[in-house]
Amino acid sequence: MNVSPVKWIKFRILCISLGFVAFLGLILHRSYQLQIAGSTRVDQLTSRQYKATLPISPRRGTIYDRNGKPLAVDIEVSSLAVHPRQITDAEGVVSALSAHLKIPTEKIREKLRSPKKFEWVIRRIARETGEAVASLKLKGVTVVSEYRRFYPNKDLAGNLLGAVGYEAESLGGIEMALDSYLKSDSTQVIAQKDARGRLFTPWENQVRSHDVYLTLDVNLQFIADRYLREGAEKHNAKSGFVIVMNPASGDILAMANYPSLNPNVYWKYSPEKWSNHAILDSYEPGSTFKPVVVASGLDSGKVRPGDSFDCEGGEYKIGKRTIHDHGAYGHLSVSEIIKVSSNIGVTKIAQRTGKNTFFETIRKMGFGTKPGIDLPGEASGSLRPLKQWSDIDLSNIAFGQGIAVSGLQMVQAYAVLANNGIRMKPQLVQRVVGSEGELVHEASPTEMARVMGPETAKRLTKMLEQVVEPDGTGGLAKLDGYAIAGKTGTAQKVDPKTKQYSNNAFVSSFIGYVPAEDPEFVIYVVYDTPKPVYYGGLVAAPVFKKIAEESLAYSGVAPSSSQLAKNE
Amino acid sequence: MMMRIATYGSKGPQIQIVRNQKAYTKEDFVKTRLLFRILFLVAFMAILSLFYIWSRIQIVQYGYDINALRNRRQQLVEENKGLNVEVATLKSPGRISQIARQKLKMQPPKPEQIKVLK
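From first to last, the protein sequence lines are chains F and R.
Reading the first sequence from the start, the letters are residues 44 to 611 in this note's numbering.
Reading the second sequence from the start, the letters are residues 287 to 404 in this note's numbering.
Take these hints with a grain of salt, some might be off.
Partner residues aside, some chain F positions facing chain R, computed with beta carbon under 8 Å [as the list claims (entries may be wrong)]:
#1 Pro113
#2 Val120
#3 Gly135
#4 Gly183
#5 Val187
#6 Lys521
#7 Gly524
#8 Pro602
Calculated directly from the structure, the hints in this document are not laboratory data.
Since this is a predicted model, take the numbers as computed values, not measurements.
All residues carry an ideal CB built from backbone N, CA and C; glycine is no exception.
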């Protein structure tokens with residue numbers, strides 16, 4: 044059969060066309076396989092080629108004081124490492140590195156002889172030194188950028204701030220309490236790279252950490268710290284602390300500790316030097332607690348300002364126990380009881396006030412619960428449940444024994460008197476700011492409770508002003524030009540061996556607020572076991588005066604002309 | 287020279303344009319128009335594609351530039367931070383107080399020496 048040439052041509056064209064169509068179909072099928080059905084796998088393969096995941100050194104945000112002065116900041120430093128197996132000219136590397144680093148050449152040689160693939164030579168040196176070494180382009184030597192925590196004020200507020208370890212881990216204090224804000228939320232960044240490994244797009248997962256502004260004022264902190272240290276060294280105290288607080292807002296303006304910690308070299312300090320005594324220690328407050336029962340009695344109406352109490356000539360028996368005063372007092376008014384710090388006087392006030400009322404006032408003032416400043420180890424003190432109180436407990440607690448308090452609880456309580464009877468929440472953090480400057484968190488003054496009426500607070504203030512008169516126990520706290528309301532405390536410590544009150548170990552304190560008519564500061568000074576002098580009025584009161592004097596001058600609080608005239 | 291002539295063929299009457307002794311039917315013109323349109327489309331697609339490729343290359347180049355600027359910015363931020371730390375250290379209350387007391391023989395003012403101006 045003969046096929047016509049035309050039909051044969053047409054047939055061939057058809058076959059070739061079908062062939063092309065089939066080939067096109069194959070291509071389309073393969074495209075579908077790669078780009079649609081298997082897109083995830085292809086994405087992963089290509090990602091590996093053009094995406095780079097770079098580990099970065101963890102960073103922390105800056106801690107500032109209330110005026111924006113840095114207290115703790117990350118600074119960029121360099122760390123040097125070697126890859127021993129890649130080094131061809133060991134002696135060349137040793138001499139090049141030893142010219143820039145202050146480490147023995149033998150130590151460098153030891154690192155180069157290591158069988159490991161990677162060895163740190165030195166960590167956290169100045170960035171400029173690292174750049175100088177990097178510019179040498181030594182084979183087998185790597186310069187890595189890291190961050191180191193630096194505290195420009197050294198040991199100022201060191202115990203409060205805490206420290207940061209080698210791997211940016213927080214080690215106590217504010218650094219630990221606010222770790223979730225301060226620490227960056229990523230330890231790697233993702234970027235696109237080209238065939239040569241150069242990065243060509245902005246990084247995803249940028250390092251973000253927050254900056255924290257504290258309520259602290261670095262200048263007030265310095266004032267408190269200096270005079271606390273002076274007093275501790277003069278009176279050979281084991282330890283001590285000062286808290287300065289604004290009673291109207293609850294802001295902690297200063298929190299000084301002795302001995303203090305320099306977080307820049309934290310490894311040189313033994314654990315007891317890390318303690319923030321102001322919030323960690325629980326102790327019996329002694330006479331500084333007396334205004335609490337007086338406030339309770341006055342506010343409940345069970346005690347009137349004009350009442351007087353028989354102080355039994357300095358000895359008063361309750362059951363098998365005898366309570367003593369420092370002097371053989373007869374009848375004293377409420378104000379005089381506070382002024383001379385009569386134990387018998389406050390015992391009788393407590394008896395008239397009653398356990399229930401007194402206990403309620405103690406609780407309202409914040410004792411027995413944590414003040415809520417959220418620092419690690421914050422103490423709640425110790426307050427026995429009311430149903431366990433005996434008559435002697437009532438009297439003991441009235442003059443500050445049989446109850447354990449923390450420094451912050453005491454400041455909080457006196458701030459009630461300074462703030463017209465309202466208890467404010469103590470605050471350390473003013474605000475938290477994000478990496479783009481956005482406000483993440485802002486604290487505001489928080490009223491916790493109305494503890495007493497404003498009249499009661501004013502009456503107590505007048506009584507506490509008498510303490511600072513020349514014939515009061517706190518006369519050495521008196522400051523020309525300013526009315527001060529305060530109380531001394533000299534509390535016996537319990538001897539851990541005998542479990543009895545010691546006759547030569549005391550907690551000496553003075554707490555007060557100034558100016559009494561419109562308080563700017565509540566200041567609490569405490570020393571543990573000062574020797575040989577131990578009375579609060581002699582050890583702590585003068586320190587209070589110096590701190591108050593400079594703090595008021597710094598804050599621009601003018602002396603009262605009436606007070607100046609009074610003192611003349 | 288252009289002429290218009292009428293012819294009758296299997297497809298019925300048709301007008302033809304004779305140009306330079308070559309006869310063009312209406313169909314020819316339609317086909318030519320179509321061809322031009324296709325060529326135009328292809329050229330347009332080609333230019334679009336070239337533009338797309340060019341823009342992608344530009345994006346990559348800008349990416350390099352942005353990265354370089356970002357690194358430079360980061361360097362400056364770190365330098366600035368370092369300087370701020372230096373300032374904070376030099377202005378630390380302890381240092382200032384030491385200079386004031388020891389070098390300049392200054393003392394804190396007494397209350398009666400302070401006049402507050404408001």
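Going through the hints against the structure:
1. Interface hint status for Pro113(F): upheld, as the beta-carbon distance to the closest one in chain R is roughly 5 Å, under 8 Å.
2. Because the beta carbon of Val120(F) sits about 10 Å from the nearest beta carbon in chain R, more than 8 Å, this interface hint is broken.
3. Interface hint at Gly135(F): violated, since its Cβ lies 29 Å from the closest Cβ of chain R, which is beyond the 8 Å cut-off.
4. Checking Gly183(F) against chain R by beta carbon gives a least distance of about 25 Å; that is not within 8 Å, so the hint is violated.
5. With a least beta-carbon distance of about 15 Å to chain R, the hint placing Val187(F) at the interface is violated under the 8 Å criterion.
6. About 11 Å separates the beta-carbon of Lys521(F) from the nearest beta-carbon of chain R, more than 8 Å, and the hint is not met.
7. Evaluation of the Gly524(F) hint against chain R yields a held restraint, the C-beta minimum of about 4 Å falling below 8 Å.
8. For the restraint placing Pro602(F) at the interface with chain R, the shortest Cβ-Cβ distance is roughly 4 Å, inside the 8 Å limit, so the hint holds.
In summary, the structure is inconsistent with hints 2, 3, 4, 5 and 6 from the numbered list given earlier, while agreeing with the others.
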